[in-house]
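Since the structure of chain A is provided, determine the placement of chain B on it from the hints.
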Amino acid sequence: MRPLTEEETRVMFEKIAKYEKIMKLAANISGDKLVSLGTCFGKFTKTHKFRLHVTALDYLAPYAKYKVWIKPGAEQSFLYGNHVLKSGLGRITENTSQYQGVVVYSMADIPLGFGVAAKSTQDCRKVDPMAIVVFHQADIGEYVRHEETLT
Amino acid sequence: MGRKLDPTKEKRGPGRKARKQKGAETELVRFLPAVSDENSKRLSSRARKRAAKRRLGSVEAPKTNKSPEAKPLPGKLPKGISAGAVQTAGKKGPQSLFNAPRGKKRPAPGSDEEEEEEDSEEDGMVNHGDLWGSEDDADTVDDYGADSNSEDEEEGEALLPIERAARKQKAREAAAGIQWSEEETEDEEEEKEVTPESGPPKVEEADGGLQINVDEEPFVLPPAGEMEQDAQAPDLQRVHKRIQDIVGILRDFGAQREEGRSRSEYLNRLKKDLAIYYSYGDFLLGKLMDLFPLSELVEFLEANEVPRPVTLRTNTLKTRRRDLAQALINRGVNLDPLGKWSKTGLVVYDSSVPIGATPEYLAGHYMLQGASSMLPVMALAPQEHERILDMCCAPGGKTSYMAQLMKNTGVILANDANAERLKSVVGNLHRLGVTNTIISHYDGRQFPKVVGGFDRVLLDAPCSGTGVISKDPAVKTNKDEKDILRCAHLQKELLLSAIDSVNATSKTGGYLVYCTCSITLQLCFFLRSLSSPHIQVEENEWVVDYALKKRNVRLVPTGLDFGQEGFTRFRERRFHPSLRSTRRFYPHTHNMDGFFIAKFKKFSNSIPQSQTGNSETATPTNVDLPQVIPKSENSSQPAKKAKGAAKTKQQLQKQQHPKKASFQKLNGISKGADSELSTVPSVTKTQASSSFQDSSQPAGKAEGIREPKVTGKLKQRSPKLQSSKKVAFLRQNAPPKGTDTQTPAVLSPSKTQATLKPKDHHQPLGRAKGVEKQQLPEQPFEKAAFQKQNDTPKGPQPPTVSPIRSSRPPPAKRKKSQSRGNSQLLLS
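Chains as they are written, first to last, in my numbering: chain A, 118 to 268; chain B, 829 to 1656.
Here chain A stands alone, though its shape is the one from the complex:
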């Protein structure tokens, strides 16, 4: 999807270290029977890229430097997997650069998912209402939509 920022990488490994105790217990369970352990952050693809899952949202959201808030009307659209348009944009962190990884929030400060800023903050002000400002990458609606493939 996108390369992890340094901060995200650090956070991720911190969390993983906390699972040690559980991992030891899980060692008893044979590989084919073990379905899940702890929280799945993401998966490595065949080419060794790391794809982040929405299940990592809980951990990454508190550390996000760049955030985007969307209006209540646009929440549903984002949760269905659509990109965020300018008309649905509520707030955006200052000096967000283009193609910066962001965490998408609702106006009530509930983290809704991950995204990539399509335009920098300045550009967002100038662009017309139907333009995409945040590319959708992962959202919590996937818990219901993609239950089968979650992990």
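Please keep in mind that the hints were generated in silico from the structure rather than gathered at the bench. Note that this is a predicted model, so its numbers are computed, not measured.
Here are the computed lysine-lysine pairs in the DSS-like style, where the Cα-Cα straight-line distance is at most 27 Å:
hint : chain 1 : residue 1 : chain 2 : residue 2
1    : B       : K1429     : B       : K1335
2    : B       : K1146     : A       : K160
3    : B       : K1146     : A       : K188
Same frame as chain A, but now just chain B:
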């Protein structure tokens, strides 16, 4: 999708939308200024009628005029015209046509029958009115004549099929009573005399439940011949009435019964009627009739027709109940806290948004969970930093509840045998932010082998689904004896595995909660697509009872202060009295899915030597009192009587080999006595130290000590018995008596039995009799030596019985179950 609130928009065209029911715009038109009427398609007859109905509904509620003549009702004239206009417009919302004079949209249902006449009235009036041209007139003239035809022809007309059906039904019902009774007399000759009689009394009984017809003809049970005929065309109303009648009669059977009819005939008839009315299979209905008294039975069946209210549980890892309730109310959900007993539950009355798809749900703030599913976790009460096993976890509601109670500390191993449902577990746990869980895909019965030593275990066993009939009505008919037994077997195995996975020496735990969502006492395997509760007695109490016998566990109070107590006896079966601490929940009493919960505490990690099926068909040994009684008690030993259990088990094992050479026994007497004697002090000390009620480690130790003795002495009868009796005796009376080995030994089993009996009088009643019968024929096999040994103890017994007796009152029931010799003993 939603109703269009723009009244200015009209549906035009030949399609169905033009003829559909008029939506909100029709109501709005009442308030909006009338727009000039447009040229629109004329309405169909149906639409016109409906429009007319709508307009005239409130004004014309008491319609008495059924004649199709055109009545010049002043108020109606303008409506009639507008009705015609509406009809000819053929549109959904011709606002011009809906003028102020129009009253309610639709007339009261009572006037439905008159509607047709009214429509024809208006049609006639339209004829008079020249507003819309001759075409309409021609169209409308024939209407009321062709009503029924057009109904069939025009599908999807403005009058919905359901409305047509309702009108037809109403018309039918008006003539119904007479018609049907006529049919009855035609069909069933036997009933000729019955029907006229049953007619009025039924009405009476329905009216004034207690107006029992003293002088008039009481409800007559239809003769047996009618039962088959009913299957042809069951009239549900009649069946329902008959159900009520029969229940009323059975309640006061002596007074209201019909002469010559037995209770079972009434019950049979009731059973058939219930099966017809509620669509149950015979087997399940029979079980339910056994389980509930009649009044409750009808309530239960009614409750199963209605779904339980939707409940949800706040995820305290992410939010608080107050905040969540506020957020959901802002979204338009109507909810309330679940009850005093739950701090995280909310019940949803209705909701304008899908409750399973709100952003709060997706963010993991709450989980949709049945109220009854929250109870086992509350009973289990997992503590922080514990190791918990959830054997059948899908879809993960209970697992996540446990995780939130533990605040994400410790480790939970969530297991399920169904791979499909495990996906939902993964999804749910991730969504709710549960981090301390390992999810695995094993058959629950493999458990202690894979990993064991858990502090607590939760087993929500697969069941017959008899408690969630409201969720899955198929359970009514597709369950039979085989299913229930299969379930029971699986549940027993799972329960034993679960017990073995608990670590009894855990510092904070050692508990196991077993719950099912069926109400039968048996166990049943139900491929559940939803969590299905148990209510059958055979599944639940029976399984629990089985576990108590097989393992070192005992039942403890669940900590739930509401709910019905479990059964300690049911029909011919007797269960352990501690089963009173289990809990049952029913849909009709607690408004939650049927559920059964039992909480066990494991007090020893050792597994008692299992009795191979012989305990049930115990081979009788000799006439010895101690042997007889322990054997009868053996199979019914609860965990609480671990000491007694070990002893009686030993005795039973001895008894299982009645034909072993007696000389061995003779030889073994001295050995046995000596070895027993030597070990007795240590054993008795440990035993004496622990209270009789407590099952604790010493019990385990005692068992361990005894077991080798037992195996060695399998072939010895009386000596073992005597020594074991002695041990028991010594246990009960703290100071060991070493001198008189035989008499105390003989007395002790009786004592043991005496003390055990009060606690465990249920099963011996059933088993002892069987045992005794078996023992009797075997007596001839005994050797003379045995008899001698048996006799001698008996001699000195009577004098010593009384002093011992004074310490414990002999249970009365003991006499029944004891063999001949015993009864003599105790009665002295």
